[in-house]
Structure formats: C-alpha cells, structure tokens
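Engineer: Heads up: the sequence shown begins at 1 in the numbering used here, then just goes up one per residue.
Just so you know, these hints were derived from the structure itself, not from any lab.
There may be inaccurate statements among the hints.
[Unchecked claim] So the derived label-pair ranges between C-beta atoms look like this:
1) N20 with Q41: 17 to 23 Å
2) S2 with D78: 27 to 33 Å
3) G45 with Q6: 24 to 30 Å
4) K42 with L76: 15 to 21 Å
5) D58 with R17: 15 to 21 Å
[To be verified] Only pairs whose alpha carbons sit at most 20 Å apart, straight line, appear in this in silico EDC-like list of lysine to aspartate or glutamate:
6) K42 with D78
7) K42 with E65
8) K11 with E65
9) K79 with D15
10) K11 with D52
11) K11 with E77
12) K71 with E18
13) K11 with D74
14) K11 with D75
We put the beta carbon where it would ideally sit given N, CA and C, even for glycine.
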Amino acid sequence: LSRMGQHPGNKNCADCREHNPRYIDVQWGVYLCLLCSGAHQKVLGTTIVTIDTTEVDDQWITTLEQRGNSKVNDDLEDKLETIEKR
Numbered sequence: 001l002s003r004m005g006q007h008p009g010n011k012n013c014a015d016c017r018e019h020n021p022r023y024i025d026v027q028w029g030v031y032l033c034l035l036c037s038g039a040h041q042k043v044l045g046t047t048i049v050t051i052d053t054t055e056v057d058d059q060w061i062t063t064l065e066q067r068g069n070s071k072v073n074d075d076l077e078d079k080l081e082t083i084e085k086r
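All chains should be modelled from the sequences, with the hints used to inform the complete structure.
Structural biologist: The structure is reproduced here in structure tokens:
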C-alpha cells in the first residue's frame, strides 16, 4: 500500500491535495489525509485504513491498482460542468 502511495497521482490527498496522505479509502481506491479520511468514513461510510496496515485484503490492492487518485478524480471531474473542474 505504501509503495502504491508513491505513484505521482497518489502523493497528495485525493480531496484537498495535502502532501503525503497516510490513509486509504479502500472502496474508492484513493489516498487521503487524516481530515478527508474522516469525512469519507463519516459521510460515505467507507472503510479507511492507514498505509502502514499489516492486514491487507487482496481486493484493496486490486482496487488501488485499477483506480488511484488521478483516475478517480478524472472520472468524477468529467461529470462536472467545465467551470467547476480544478
């Protein structure tokens, strides 16, 4: 998990862009900072793990390999009006 976090698109929080996110939303397959991980857990009800966890589910790895911050943000931003995009 930590290795995949070094991918250029994952070096910042998927939501707020804080550097070196330490948490992962395993359903969305994105790396998050502490504050944003709490929002994901509370609002979306997703499972959050730290990048240092030793209990890793194979599905988490697959999701992270297929998704990641850049892909998820690109997919979501494609649904926004042009003026709302980052």
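Engineer: So, for every hint listed, does it hold in this structure?
Structural biologist: How the hints compare with the structure:
At about 19 Å, the CB distance of N20 to Q41 agrees with the hint of 17 to 23 Å. Between S2 and D78 the CB atoms are about 29 Å apart, so this pair conforms to the stated range of 27 to 33 Å. Checking the proposed 24 to 30 Å range against G45 and Q6 shows it holds: the Cβ atoms sit about 28 Å from each other. Range check, K42 to L76: Cβ separation about 19 Å, and the 15 to 21 Å hint holds.
At roughly 29 Å, the beta-carbon separation of D58 and R17 lies outside the given 15 to 21 Å, and the hint is violated. Restraint check: the Cα-Cα separation between K42 and D78 comes to about 25 Å, which exceeds 20 Å; the hinted pair is violated. A threshold of 20 Å between alpha carbons decides the hint, and for K42 with E65 the separation of about 25 Å lies outside it, so the pair is violated. Between K11 and E65, the direct Cα distance comes to roughly 15 Å. Compliance with the 20 Å bound is thereby established for this hinted pair.
Distance hint between K79 and D15 is fulfilled; the C-alpha atoms sit about 16 Å from each other, no more than 20 Å. A C-alpha spacing of about 15 Å is found between K11 and D52, which places the hinted pair at or below 20 Å, so the restraint holds. For the proposed pair K11 and E77, the alpha carbon gap of about 19 Å is at most 20 Å, so the pair holds. For the suggested pair K71 and E18, the alpha carbons sit about 18 Å apart, so the restraint of at most 20 Å is met.
For the hint linking K11 to D74, the alpha-carbon distance of about 16 Å falls within 20 Å, and the restraint holds. For the hint linking K11 to D75, the alpha-carbon distance of about 18 Å falls within 20 Å, and the restraint holds.
Hints 5, 6 and 7, counting from the list given before, are not met by this structure.
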